[in-house]
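Protein chains in written order, with this note's numbering: chain A, 1 to 90; chain B, 91 to 481.
To be clear, the hints were calculated from the coordinates, so they are not data collected in a lab.
Treat the numbers as computed from the prediction; the structure is a model and nothing was measured.
Backbone N, C-alpha and C fix where the C-beta goes; we use that ideal spot for every residue, glycine too.
Incorrect hints may appear among the rest.
To be verified - Example chain B residues on the side facing chain A (calculated, C-beta under 10 Å, incomplete):
| id | residue |
| --- | --- |
| 1 | 188 |
| 2 | 195 |
| 3 | 220 |
| 4 | 224 |
| 5 | 231 |
| 6 | 244 |
| 7 | 254 |
As the list claims (entries may be wrong) - FRET-style restraints, in silico, Cβ to Cβ:
| id | chain 1 | residue 1 | chain 2 | residue 2 | range |
| --- | --- | --- | --- | --- | --- |
| 8 | A | 41 | B | 157 | 48 to 56 Å |
| 9 | A | 52 | B | 109 | 25 to 33 Å |
| 10 | A | 30 | B | 185 | 36 to 44 Å |
| 11 | A | 32 | B | 477 | 37 to 45 Å |
| 12 | B | 470 | A | 52 | 37 to 45 Å |
| 13 | A | 41 | B | 115 | 38 to 46 Å |
| 14 | B | 165 | A | 22 | 50 to 58 Å |
| 15 | B | 172 | A | 33 | 54 to 62 Å |
| 16 | A | 52 | B | 175 | 37 to 45 Å |
| 17 | B | 310 | A | 61 | 39 to 47 Å |
This is what each chain is made of:
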Amino acid sequence: MSNSTEAVGQMLAEILTKYLKNNWADSPSSNKTITPATDMVTELQLDSFQVMEFMLEVEDHYDIAIDLDSLSNIHTITDLAGVVIAAHKD
Amino acid sequence: MPLLEKFSVAGQLKSGLGHVGKDPTSVVFEKLNSATEGVVEGRTTILAGTNNYLGLTFDPDCIAAGVAAMQAFGTGTTGSRMANGSYAAHGALEAELADLFQCTNAMVFSTGYAANLGVLTALLGKGDAVLLDSDAHASLYDGCRMSDADIYRFKHNDVQSLEKRMARLGDRARRCLIVVEGMYSVLGDCAPLKEIAEIKERFGARLLVDEAHSLGVYGERGCGVAEAEGVLDKVDFTVGTFSKSLGSMGGFCVSENDVLGLFRYVSRPFMFTASPSPAVMATTREALKQLRTRPELKETLWSNARKLYSGLQDLGFELGPEVSPVIAVRCKDRKSALAHWNQLLEAGVYVNMMLPPATPGGASFLRCSISAAHTAEQINTIIERFAELKG
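Sequences and hints are given; from them, build the entire structure.
Listed below in structure tokens is the structure:
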């Protein structure tokens, strides 16, 4: 995979867009445009459960393990990209 | 943000609960007529949301045991066992639990929540890893988070998801604890413990199973889902509560591993809280005795569960994936869940309302829990009241 923050952020935005359409179609956030700068909590209004469920998809996509504690510091897709890149190096 | 500002979110949540009718968190039972009937706002109400699976809360022998213990040993222990000493009944209850589970070690905690905090914080430390089912109870999450271990979730009851994550741990798999429940409390579905135990053995990890809702419900001796699946000997630590099937209060851990005996010296939720009271221990011991000597309780419970499940299924409700004493009815959304819950209560049926984020898939449910003490007439009434929701 290309592991620049931009490339990972773009891929995560795509995964999240697809994930919301497939799993949370009724949610208002499912139709929003998601970019690496999007804040998952304030802009998309995802609750903690939705963020954690999305994280399982990300783990499987990249075949990595993300510790639950890492989630508390993740707000934007770019933040998450940093965690994904770090987990890939481990 | 000022210190108290964060409570505005909880305040909005609370006021939202009362928009459709009565706030489900403010129900008061003015009187209890039996294990399955109470009085709410002057109305006789069938209790179908109490987790009182064996219906023992009004059992005359359990009550007599509690009264006798209170008369002999007083109302409370007034302190922790490490500081103030143990009562004979603490040890007796632990011996009886070890005997039921056919293992060598047992430890009693003051609540089921404290048992999970106490066991997980003692077992786990920095550098250890936890693989936790995504639908696990809050007490399991909290215990793991308090332990400083690295927590990785796997998809609920998904063996492949668990296996993939275990493989990702590499050498750390031997420092890993798998944490699951026997029966899950929202949907009443059971963990695939045979497959989970196989993964645990293959990777050299350890397994903790919370049988809070399955004690007294599954297995020939009533030990839970692991016994029913024939893998009780593969479970390293079983935790559970006395507050469901046994109709009492408190929690426990049993294990074949002697390390459990050392938890008493390192488990803060055990060391720094008052021990279970004499009445609690006595009623729990009597309920355990009844669990062992009255197999008909479990049979009646399952017969009642099948009746309610098929009755609601016939009405076209979307239910949890399998028949169990916990029967979750999926609602269209939060608003309809609140409206239906209110309608049922006003019609004399109390069930639990389960709303996101404390629910799988962010869905809203009306959760019924059935009891061995429910009569056929009560079950029919519950089904009739649900039928009225269909308009």
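Hint-by-hint comparison with the structure:
1. 188: Hint on residue 188/B: violated, closest Cβ of chain A at ~33 Å, above 10 Å.
2. 195: Violated. Min distance 29 Å.
3. 220: Interface hint status for residue 220/B: holds (9 Å vs cutoff 10 Å).
4. 224: Interface hint status for residue 224/B: holds (7 Å vs cutoff 10 Å).
5. 231: Holds. Min distance 8 Å.
6. 244: holds, 8 Å
7. 254: holds, 7 Å
8. 41/A with 157/B: 48 to 56 Å: Holds, since residue 41/A and residue 157/B (Cβ atoms, about 52 Å apart) stay within the stated range.
9. 52/A with 109/B: 25 to 33 Å: Distance hint for residue 52/A, residue 109/B holds at roughly 27 Å.
10. 30/A with 185/B: 36 to 44 Å: violated, 56 Å
11. 32/A with 477/B: 37 to 45 Å: About 40 Å separates the Cβ atoms of residue 32/A and residue 477/B, which means 37 to 45 Å holds.
12. 470/B with 52/A: 37 to 45 Å: holds, 40 Å
13. 41/A with 115/B: 38 to 46 Å: violated, 25 Å
14. 165/B with 22/A: 50 to 58 Å: This hint holds: roughly 56 Å between Cβ atoms.
15. 172/B with 33/A: 54 to 62 Å: holds, 58 Å
16. 52/A with 175/B: 37 to 45 Å: The hinted range 37 to 45 Å holds for residue 52/A and residue 175/B, with Cβ atoms some 43 Å apart.
17. 310/B with 61/A: 39 to 47 Å: Since the Cβ atoms of residue 310/B and residue 61/A sit about 43 Å apart, the hinted range of 39 to 47 Å holds.
Violation of the numbered hints given earlier is confined to hints 1, 2, 10 and 13; the remaining hints are satisfied by the structure.
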